[in-house]
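A.B. asks: Let chain S serve as the given structure and place chain Z on it in line with the hints.
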Amino acid sequence: MSSAYSVLRQPLVEGDRTVAQVTADISAPLERRAGAMWWITFGIVFSMLVLGLAAITYQVATGIGTWGLNRTVGWAFDITNFVFWIGIGHAGTAISAFLFLLRQRWRTSISRAAEAMTIFAVMCAGIFPLIHMGRPWFAYWVLPYPNTRGSLWVNFRSPLLWDVFAISTYFTISAVFWYLGLVPDLATLRDRFAPLAKNGPLGAKLRYRLYCILSLGWNGSAKTWNSYESLYLLLAGLATPLVVSVHSIVSFDFATSVLPGWHTTIFPPYFVAGALFSGFGMVLTLMLIARKVVHMENYITRGHIDAMCKIVIATGGMVALAYMTEIFIAWQSGNLYERFAFANRAFGPFGWAYRIMVFCNVFAPQLLWIRKIRHNLLLVFILSIFVNIGMWFERFVIIVTSLHRDFLPSSWAHYTPSLIEIATLIGSFGLFFTAFLLFCRLLPMISISEVKGVLNYGRRNGEHQ
Amino acid sequence: MSRQLFTAAFEREEDLLHAVADLRQAGYVFKDAYTPYPVHGLPEAMGLRPSRLPWVCFLCGLTGGIFALLAQLYLSAVDWPINIGGKPWNSSPAFIPITFEITVLSAGIGSLLAFLLRYKLLPGRQPSVLEEGCNDNLFVLAIPEHNATFNPQELKIICNRHHAIRTDQRIEPDGQTKPTPAQQRGAA
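Protein sequences appear in the order of chains S and Z.
Just so we're aligned: the first sequence equals residues 0 to 464 in numbering that gives the first Met the number 0.
Just so we're aligned: the second sequence equals residues 0 to 187 in numbering that gives the first Met the number 0.
Honestly, the hints are just simulated from the structure, not real lab data.
Each statement offered as a hint is correct.
In the BS3-like style, the derived pairs of lysine-lysine whose C-alpha atoms are separated by at most 25 Å in a straight line are:
{"no.": "1", "chain 1": "Z", "residue 1": "Lys119", "chain 2": "S", "residue 2": "Lys222"}
{"no.": "2", "chain 1": "S", "residue 1": "Lys309", "chain 2": "S", "residue 2": "Lys291"}
{"no.": "3", "chain 1": "S", "residue 1": "Lys371", "chain 2": "S", "residue 2": "Lys291"}
{"no.": "4", "chain 1": "Z", "residue 1": "Lys155", "chain 2": "S", "residue 2": "Lys222"}
{"no.": "5", "chain 1": "S", "residue 1": "Lys371", "chain 2": "S", "residue 2": "Lys309"}
Derived Cβ-Cβ restraints for the label pairs, each shown as a range:
{"no.": "6", "chain 1": "Z", "residue 1": "Lys119", "chain 2": "S", "residue 2": "Glu228", "range": "11 to 21 Å"}
{"no.": "7", "chain 1": "Z", "residue 1": "Pro92", "chain 2": "S", "residue 2": "Thr415", "range": "31 to 41 Å"}
{"no.": "8", "chain 1": "Z", "residue 1": "Pro151", "chain 2": "S", "residue 2": "Pro240", "range": "50 to 60 Å"}
{"no.": "9", "chain 1": "S", "residue 1": "Tyr178", "chain 2": "Z", "residue 2": "Ile81", "range": "37 to 47 Å"}
{"no.": "10", "chain 1": "S", "residue 1": "His374", "chain 2": "Z", "residue 2": "Ala25", "range": "46 to 56 Å"}
{"no.": "11", "chain 1": "Z", "residue 1": "Arg165", "chain 2": "S", "residue 2": "Pro240", "range": "39 to 49 Å"}
Note that CB positions come from ideal geometry on N, CA and C, so glycine has one too.
Okay, chain S solo, but in the shape it has when bound (with noise of 0.2 Å):
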């Protein structure tokens, strides 16, 4: 089979489908009863929830001796999965708004999906700093409001500040970014639901007042569209330096101490680029899942899942040229506390996860040059879980490994993460994977009128001429 490819472009949508088929096609698993499957998903995803919700409770009602922080180690597990959550989030953006600016037009398929995977993760990601504070509800100290303390303000040269600004914009901007994408679709199942609102059972009859109230009176008028398509081109180049910034600022609270390991000017890129590979592979995991479950195999076609891939692989190469550089930088700089450090990395108490994070970031994504292996969804599937893996155990790597053996001796310390700390790591997946269970019930997962929008059957192939 591999030798007979077309030289013509595949079509972006398989299937000959036309307008009115589109609508029917992604509106169908919002139309029918949830199957066994999604129920027992939802089930264990659930539980995974309830399990961090819990754990949560505990830690906030005890204290955070219940996490296994030591003084030498203050930073580990949470800030571990604050990064690589917010990381996961970059792909969403990404195909959402780098890919619109570069008019792929294969993008459309799945931009839907992975800006919901965007603000499913930044919400995961926002849990982590709040439970670290401590005490969560003094969370709103972190704002600059006129206070009775005189007022004293907060330090806005604290990159933990810089964050907090780059967080909230960076959710809010998602949130708008994906919402307005939405209201044209909400418009189509607000009519599609309407001859059931007055006779339907209730649950048509409460989405039918969800959609009409969401739908914001959308009625696909031209003049209407004019302005929508400038907004969203807007909001597209707004949000692109935005997802660069989240980041980069992300990796000043690192970058900015004066720790071995984490004070390299390299950070910002590094991150960025590990952001969009950390992303690419959730988006892939997803993506192989969703298209299974829903039945949207004409709509995410083999040549988006190859389309990742490739970008999986282009990050991934980032990726691995910012750690070589890392240590080629640490050898070269003659500075002895640089050196140890990479060096306790590689060959360290920790050397086991520095392997893991190389094999899984490193080498395994080289497989994805083969398109055989492209093909192969089972296969993409195992290396995209490689990916994951791979980016948890590179915050893990650098925040845990560059903190545990710092410039003095006497304070080196090692750490284990408590039975608290992981449960709340598997209620932030529950988390994310509920919220998205959720979401492919309640609104269509692929954006009805920008698939239509690249069909072809709008045009009559110059029949017309």
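C.D. replies: What follows is chain Z alone, placed relative to chain S:
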């Protein structure tokens, strides 16, 4: 005052585009067109003016950015200066990240609000839909009676030449359109 409104429904974007071009040549003006997705080239064909949202976006961003920079300078250097690592009170480079974030935030939110208010897209608003299906698969064109050249017969001939699947004449009472049967059912 009520006036006549002519509507035509098409199944393909290309038909709509050709009909719009021919009708414009024949001197008609358009009330609007209703399409399931943004049709490439339709705003130009209908003679719509480019959106002014980029200006709104720019001004909101500029305002937000200037505000953020000045606020940080005032709060860190004037209102309660704190010595942090011996850095100068006015450590402007450190204020850039937050300035950038606030610029993006205000530009994005400002242009979204401008868009929603300009087109009166508000939660729970009942849409004025001329023809059912324009959020599904139909491309509907609406032409109001604007002067003596308005000729429904001619309109119908031109639209049918471009494969219109349905044409209709209705009375438009003061710019309002009658609700569709689906909306009447839904509102009841």
